[in-house]
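Visitor: If you want the building blocks of each chain, they are given just below.
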Amino acid sequence: MNTLEPTINGKKTAMNALEITDLKKTYQSKSRTVEALKGISLNVAQGDFFALLGPNGAGKSTTIGIISSLVNKTSGTVKVFGYDIDSDVEAAKSQIGLVPQEFNFNMFETVLQIVLNQAGYYGVERTEALIRAEKYLKQTDLWEKRNARGRELSGGMKRRLMIARALMHEPKILILDEPTAGVDIEIRRGMWEFLKDLNAQGITIILTTHYLEEAEMLCRNIAIIDNGKIGQNTNMKSLLATLNVETFVLDTSPFEGSPDLADYHHQIVDDHTIEVEVKKGQGLNAIFKQLDTQDIQVLSMRNKANRLEELFVRLVEEGKSNQAKGDK
Amino acid sequence: MLSYSVALKAILTKECNRFLRIWVQTLVPPAITMTLYFVIFGNLVGSRIGEMGGFDYMSFIVPGLIMMSVITNSYSNVASSFYSAKFQRNIEELLVAPVPNYIIILGYIGGGMLRGLLVGLIVTCVSMLFVDIQIHSYTILIFTVLLTSMVFSLAGLINAIFANSFDDISIIPTFILTPLTYLGGVFYSLTLLPEIWQDISKINPIVYMVNAFRYGFLGVSDVDLTFAVIMIIGFTVIFFALALYLINKGIGIRS
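Just so you know, the protein sequences line up as chains A and B, in that order.
Residue numbering for the first sequence is 4 to 331, as defined by the working numbering.
Residue numbering for the second sequence is 12 to 266, as defined by the working numbering.
One thing to keep in mind: the hints can contain errors.
[Stated by the list, open to error] Covered stretches of chain B, as calculated for chain A (at least 3 residues, CB under 8 Å): (1) 14 to 25; (2) 100 to 107.
[Unchecked claim] The calculated lysine-lysine pairs, modelled on PhoX-like cross-linking and capped at a C-alpha distance of 25 Å, are: (3) A:138 to A:148; (4) A:292 to A:282; (5) A:199 to A:175; (6) B:97 to B:20; (7) B:260 to A:161; (8) A:27 to B:260; (9) A:41 to B:260; (10) B:97 to B:260; (11) A:161 to A:148; (12) B:97 to A:33; (13) A:199 to A:138; (14) A:138 to B:97; (15) A:41 to A:232; (16) A:232 to A:292; (17) A:27 to A:41; (18) B:260 to A:33.
[To be verified] With beta-carbon atoms standing in for the labels, derived distance ranges: (19) A:158 to B:44: 40 to 48 Å; (20) B:237 to A:129: 42 to 50 Å; (21) A:138 to B:191: 45 to 53 Å; (22) A:203 to B:153: 54 to 62 Å; (23) B:98 to A:130: 28 to 36 Å; (24) A:37 to B:182: 25 to 33 Å; (25) B:185 to A:203: 54 to 62 Å.
No lab work stands behind these hints: they were computed from the structure.
C-beta atoms are modelled at their ideal positions from N, C-alpha and C, and glycine is treated no differently.
Kindly generate the complete structure, drawing on both the sequences and the hints.
Guide: Now the structure itself:
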């Protein structure tokens, strides 16, 4: 079993916002049976900003679907702030705000109607709902669009509308499934700031994303799910510390031939770009010294990929390799 | 503690907004269709038919035509609204919320009943242009129209739960509901049929609804009124239980 004590930044917290134990889901059809979740267990501490990552089809959306009661589980238990989703279903649902991957609001209703309806479903009286609608639509820059129909909004506005809608009942835990997919970088960064503010106010946030830069920037703890199983469940710093090799791209003054970089595995991209793999503990000074002796000046340097991305790709490849061995 | 009444009101408001927003598609067509029925069947053909069940033909068909419009509109409102919510996935807004399944059902069928009753009222107003309306029993009239609209709202909901395409929500009305309605004694008295066809007609639930409703207006019925009332209550209970079972199991809405 792969579980964590409820901790944030190494400090124990009062309780877990989410406790998943031995969760299994099998999809059955006439033609085939797919085991989407093979017994995953994980805890998310109250107040955490948690990333649930994994390749397509790994089981992330199934997990979120079960937590939010959109998918029936095969077995296992899920508790939201101590409320079991089977025995205390209404109390558990009240704690959760869900921002799904697909746009799932009524495209023919106005922005205001959409958020007011959602508040009503959670028992929020109309007068209070109107106050909250103004608050959250203003925070998501949608107040001016409150009388526009859902279908008239841009992609970024639709994403923000789904966040505003999820906040209308003021949940304790916000689950976002790919919230910034298809959103331009400026809006994405604005959404990051907004989510950070929400988390600072005490809302626990669980995020799935394909932008690993986003997960690295926002999340404190992380679980990587692959092929229906949790591969890693740790805090972001510890995970990144396991990264043994980083690839740097050096933009240099033009050179001829192949520069000599002893002890460093490297690749010449063109006559002024070198990709160098740096192992943990190797340091970068020796690279600069060696290039300097060959009259090659380093003009700029950057990571070839985001650190989490490198680690993620490696872990997923390891997972595939282990699965292939198992199949044999 | 969640206020279920607020949740129910939210669903009902959404449903009413939906059919009122598209009133040209939902409220006007039944008024036009029924006007044509009154003109053609009631006035032109009816004047040559003479009396039916002791009343002139126009007076005889009015209750049936009102009930027919209530049935088709209650059914189609819930079938199309619930299936659209499935299709657009906005049913998920309700599934993730702490709303009990019976409230979801009451919200949707409440919308269907309101549309059915509103259309029924419009058709009644249209019929008053052609005939003097008389009421024999308000109790039976109101009871029958309320429960009938509920039964067919529930039937529309069950249809939408199983539907996988928009075709699936038009097949049942076209191939089952319309024939049952036309053969349910809307346009004729069962006593005109040979005995064997009278017995076969009594398998049709719409016969009991139309006749109970006609009793409310005219005080005449081709079937025993007590039995008709029991049948209507029975169908309401069975359809509600079935809808609740299907939603609880997540059939058609949860994977």
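Visitor: Confirm or reject each hint.
Guide: Structure-based check of all given hints:
1. 14 to 25: Three-residue rule met by the segment 14 to 25 of chain B, so holds; n is 9.
2. 100 to 107: holds (count 7)
3. A:138 to A:148: Holds, at roughly 14 Å.
4. A:292 to A:282: 17 Å, holds
5. A:199 to A:175: Measuring from Cα to Cα gives roughly 14 Å; hence the hint holds.
6. B:97 to B:20: Given pair residue 97 of chain B, residue 20 of chain B holds - Cα atoms ~20 Å apart, limit 25 Å.
7. B:260 to A:161: The given pair, whose Cα atoms are some 31 Å apart, is violated under the 25 Å limit.
8. A:27 to B:260: Measuring from Cα to Cα gives roughly 18 Å; hence the hint holds.
9. A:41 to B:260: Distance of about 23 Å is within 25 Å: holds.
10. B:97 to B:260: 16 Å, holds
11. A:161 to A:148: 11 Å, holds
12. B:97 to A:33: 23 Å, holds
13. A:199 to A:138: 17 Å, holds
14. A:138 to B:97: Not OK: residue 138 of chain A and residue 97 of chain B at ~30 Å, beyond 25 Å, violated.
15. A:41 to A:232: Given pair residue 41 of chain A, residue 232 of chain A holds - Cα atoms ~6 Å apart, limit 25 Å.
16. A:232 to A:292: 45 Å, violated
17. A:27 to A:41: 5 Å, holds
18. B:260 to A:33: At roughly 19 Å apart (the allowed maximum being 25 Å), residue 33 of chain A and residue 260 of chain B satisfy the hint.
19. A:158 to B:44: 40 to 48 Å: 42 Å, holds
20. B:237 to A:129: 42 to 50 Å: 44 Å, holds
21. A:138 to B:191: 45 to 53 Å: 52 Å, holds
22. A:203 to B:153: 54 to 62 Å: Once the Cβ atoms are compared, 57 Å apart, the range 54 to 62 Å for residue 153 of chain B and residue 203 of chain A holds.
23. B:98 to A:130: 28 to 36 Å: 33 Å, holds
24. A:37 to B:182: 25 to 33 Å: 30 Å, holds
25. B:185 to A:203: 54 to 62 Å: At roughly 57 Å between Cβ atoms, residue 203 of chain A and residue 185 of chain B fall inside 54 to 62 Å, so the hint holds.
The structure shown violates the earlier hints numbered 7, 14, 16.
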